[in-house]
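*Asks:* Each chain is listed here by its residues.
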Amino acid sequence: MLVYLFRRLINVVLMLLVVAAVTFGIFFMVPKLTGTDPALLYVGKIADKVAVEGIRHKMGLDKSIVEQFWLFLKGIVVGRSYNAGTDVTHCYAPCLGYSFKTEREVWPLLLDRVGVDFSLAIGASILWLVLGTATGIVSALRRGTALDRISMSVALAGVSLPMYFTGLVSLAIFVGQLGWFPRKYTDFTADPVAWFQGLVLPWVTLAFLFAATYARLSRATLLDVLGEDYIRTARAKGLREPVVIGKHALRSTLTPILTIFGMDLGGLLGGAVLTENTFNLRGLGYEAVQSIASSDLPVIMGVTLFAAFFIVIANLLVDLLYAVVDPRVKLA
Amino acid sequence: MTTPTETSGPPAGAQPDGASTDLPAKKIEGRSPGRIAWDRLKRDKVALAGGVVVILLVLAAIFAPVLSALFGHPPNEPHADQINPDLGLPKGAFGGMSSEFLLGVDPVFGRDVFSRVLYGAQISMLVALGAALLSVSIGVVMGVTAGYFGGWVDAFISRLMDILLSFPQLLFSIALVSVIPNSVLGLGDTTVRVCVLVLVIGFFGWPYIGRIVRGQAMSLREREFVDAARSLGAGRAHILFRELLPNLVAPILVYATLIIPTNILNEAALSFLGAGVRPPSASWGQMLSDAVRIYQADPTYMVIPGLAIFITVLAFNLFGDGLRDALDPKGN
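Chains as they are written, first to last, in my numbering: chain F, 27 to 358; chain D, 454 to 785.
Read the hints as simulated data drawn from the structure, not as lab findings.
For clarity, every value in this text was computed on a predicted model and none was experimentally measured.
All C-beta atoms in this analysis are idealised placements derived from N, C-alpha and C, irrespective of residue type, glycine included.
Any given hint could turn out to be false.
Not the full set, but computed from the structure, chain D residues with beta-carbon under 7 Å of chain F [claimed, not checked]:
| hint | residue |
| --- | --- |
| 1 | M614 |
| 2 | I616 |
| 3 | L617 |
| 4 | P621 |
| 5 | L624 |
| 6 | M671 |
| 7 | S672 |
| 8 | F694 |
| 9 | T715 |
| 10 | L718 |
| 11 | F725 |
| 12 | A750 |
| 13 | T753 |
| 14 | I762 |
Here are a few chain D residues that face chain F, going by a calculated C-beta distance under 7 Å [stated by the list, open to error]:
| hint | residue |
| --- | --- |
| 15 | L520 |
| 16 | A522 |
| 17 | M755 |
| 18 | F763 |
This is chain D alone, in the form it adopts within the complex:
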């Protein structure tokens, strides 16, 4: 943050443990906006809980092979002995949950649902984070360019964003994913699919952040500190990257955190409609789409991937909301 007024620190409420009127000798400490936000975030227990769950989920996704080896079975290993051959459904109650199969087995094949949920988390996180990175990168570049330069540049980029927003995105994504060949440049099927999902979801997501950044850049452009920098002889690049961008970090950060849960829902939706990673690779949306046929007979198989999506998205939303409140300059 480069606004000069913010370096002096807020005089009131600087220390939560002691009011400065009672202890006049105590030094008033100046705090950076980042520090203020961090202090606020630390007091927001709900947001912190969300953050902790997010970290745990990311770790679970990274260490999916280890966890699955320790507590489960390989995700694609069929266990015919767990399946009732007449119905094609798990033998045990609650989808075949047992100490050996923690979350039961899937219908027909009898594969370990615990392992499949973990590997599904890998796909989900990879796509969501990758797509968020892509949307934010394109959105910030386009938004800052449109907002700062204005004129025909702004008109062109704004029109482009309008057009993208009026595309039926879900339909387009399904269509694009469905025509992708199984193998590109010697990469495996799942790798190709994950890359395509990142590209499709990330590409359709950028206009949302582009609009926000454009608006912010337009109002920042008119502020005194930009005039000051310009009158000191700062070049275009300096103003864009050293003056404008640091002031945009807060909204970008908040938006990036809140676009991740949306991406998780989008990836799950595409997989639900059959445009995600291809079987036997596991994904949450695909498990739910399998569950459509048998939700009456085996409701556990529907509830588990649904809860996985819900918990993950909720955790990201809680953390994102907390971050937004903490970074809000008007908040207290």
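Here chain F stands alone, though its shape is the one from the complex:
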């Protein structure tokens, strides 16, 4: 178990390294393709030549791509000093550099933004996990009834609707026409009630989309499982139906649900780009789109790594949970 965990953790680090290298490589090329100078982005257009060269040297932009990447990695682990003669700026680990645009440190900026994504992801995921799987399971057990048909039709519509459309429609109705909710995000620590009110619509819109997928998946999987031999055996042993379903069938139904749940949750924590842009929530996804528009490499790097980190960690947790949920899985 410990050996397995150790191997997986090394794997996580390697994967993050690859993601970092590819992102760095691509966005290192961007200024060359579009003809913008990163040093100029730092100091502004009116700066004189000496100032630009000074900042280029200080931020290490005059070094080769390999050297810059190495300094970036080192910065994450042990921190990094930017110095040009007497002018020294120290950035403590984990250091992801400074934004080209705002000259703010990237790491605190990300920490500041991620709260929105956690709030969004936690509320929505509880909703969709409970509603989606419950609907799917009930539909599978009541296969062919009106209830099954109606919920599966709704689910099919759900997976076919783009979330920025349902989001806009719900905004138009509940915020515009009825005025039930504010179109504003408030920090949980500032005012929990306002936090809740501001997030109800994003939660429901996002959860509806995912719940539809989960309902379809859990229904299909449970129907598959119910056709397995070991379910027939369990019934032949004389087990009561609730025990057959609850103790035998549901366990293996949960495995694929868990897989996509890990991916979906990890993806959301790293920035719900569409939701944030529809509902005007200033989280990581919103920040990412802004930074891409302004070729702000340090912020893009930060957001991408953050997002990849959540996805990889979520996948690792899912694999560990498999062993708990599914008795057939052994970690080795």
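Since the structure of chain F is provided, determine the placement of chain D on it from the hints.
*Replies:* Same frame as chain F, now just chain D:
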């Protein structure tokens, strides 16, 4: 399909119109798996309806210039007389719908929404189908290679798929699209953008089908008919293309049909975030993103592209679901 058992035909339920016990003289007809699937699909009215809508939409996209000339106005032609100059909104009710402008006009410019939706369908279909073709091609080659050869080849390809799946894809796609120059090799702006969208969406889509094909290829490799072929002296290419691939046609076909709606949603999402084709070319996502500013005053302009996406994606999903059920060897 090359499994020898399937050529004898199923004895029961071969003819829906007459049971063989009542008419012993009637010849039992052997049906190929393809024929069985086609018969099942023909009975699935919902899937057929989806298929018909898909064909109509593809035709509408192909003949967009003709339809727009017959029932509308050129997609980029401004009609200032349809716009209230003070508000920048359509004069008439429901977004300016009239017998002349079937789906109204867009805000500010007064361009014909009917024509723009049709031309948007062209972009949507082109990108979705192109990207699906690309994903399926790469996914099948990689999946079959990984599944059949196993060992370090499998380890390498699987790791590659894991890494691609842990990339924040939407962010990457926006970033890549945003650095593409307006003109490459003398091709027009829209052509370049469509090609880039196909490449980006298609490339990030292949690991999903790669995983499915890999799993199938791994289990097929161990089957008796592959052993039989090998013992008869069949070469590697024969086994891959003549023995394995025909058995993979069904899952590949189903997946290809179901990845198209996902691609349509992805293209719309990228356009919504401003990384699609550039104005004045029309796309559905871009229309929705325009609608964000004015959804209160002109809800029609939000509803029409949203419905276009919904109907298209729903039709593809219905047809894909039906196809999957029809091709499922366990179904009846």
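*Asks:* Each hint needs a verdict: does it hold in this structure or not?
*Replies:* We went through each hint and held it up to the structure:
With a cut of 7 Å, the hint placing M614 of chain D at the interface with chain F is violated, because the nearest CB-to-CB distance is about 12 Å. A hinted interface residue such as I616 of chain D counts as satisfied when its beta carbon comes closer than 7 Å to some beta carbon of chain F; here the least separation is about 5 Å, so the hint holds. A distance limit of 7 Å between C-beta atoms decides the matter here; for L617 of chain D the minimum to chain F is near 10 Å, and the interface restraint is violated. A hinted interface residue such as P621 of chain D counts as satisfied when its beta carbon comes closer than 7 Å to some beta carbon of chain F; here the least separation is about 4 Å, so the hint holds.
Checking L624 of chain D against chain F: minimum C-beta separation of about 5 Å stays under 7 Å; hint holds. Taking 7 Å as the C-beta cut-off, the interface hint given for M671 of chain D is violated, the closest approach to chain F being about 17 Å. Because the smallest distance between the Cβ of S672 of chain D and any Cβ of chain F comes to about 16 Å, over 7 Å, the interface hint for this residue is violated. Of the supplied interface hints, the one on F694 of chain D is violated, with its beta-carbon coming no nearer than about 30 Å to a beta-carbon of chain F, more than 7 Å.
Checking T715 of chain D against chain F by beta carbon gives a least distance of about 9 Å; that is not within 7 Å, so the hint is violated. For L718 of chain D, the suggested interface contact is upheld, since its CB lies about 6 Å from the closest CB of chain F, less than 7 Å. With its C-beta approaching chain F no nearer than about 5 Å, F725 of chain D sits inside the 7 Å limit, and its interface hint holds. With a least beta-carbon distance of about 10 Å to chain F, the hint placing A750 of chain D at the interface is violated under the 7 Å criterion.
Interface restraint check for T753 of chain D: the shortest CB-CB distance to chain F comes to about 11 Å, outside 7 Å, so the restraint is violated. At its closest, the beta carbon of I762 of chain D sits 5 Å from a beta carbon of chain F; the interface hint therefore holds under the 7 Å criterion. The interface hint given for L520 of chain D is broken, as the beta carbon of that residue sits about 24 Å from the closest beta carbon of chain F, more than 7 Å. The restraint placing A522 of chain D at the interface with chain F is violated, with a minimum CB-CB distance near 29 Å, outside the 7 Å limit.
The interface hint given for M755 of chain D is met, as the beta carbon of that residue sits about 5 Å from the closest beta carbon of chain F, less than 7 Å. Taken as an interface hint, F763 of chain D checks out: its beta carbon lies about 5 Å from the nearest beta carbon of chain F, inside 7 Å.
Checked against the numbered hints given earlier, this structure breaks hints 1, 3, 6, 7, 8, 9, 12, 13, 15 and 16; the rest are met.
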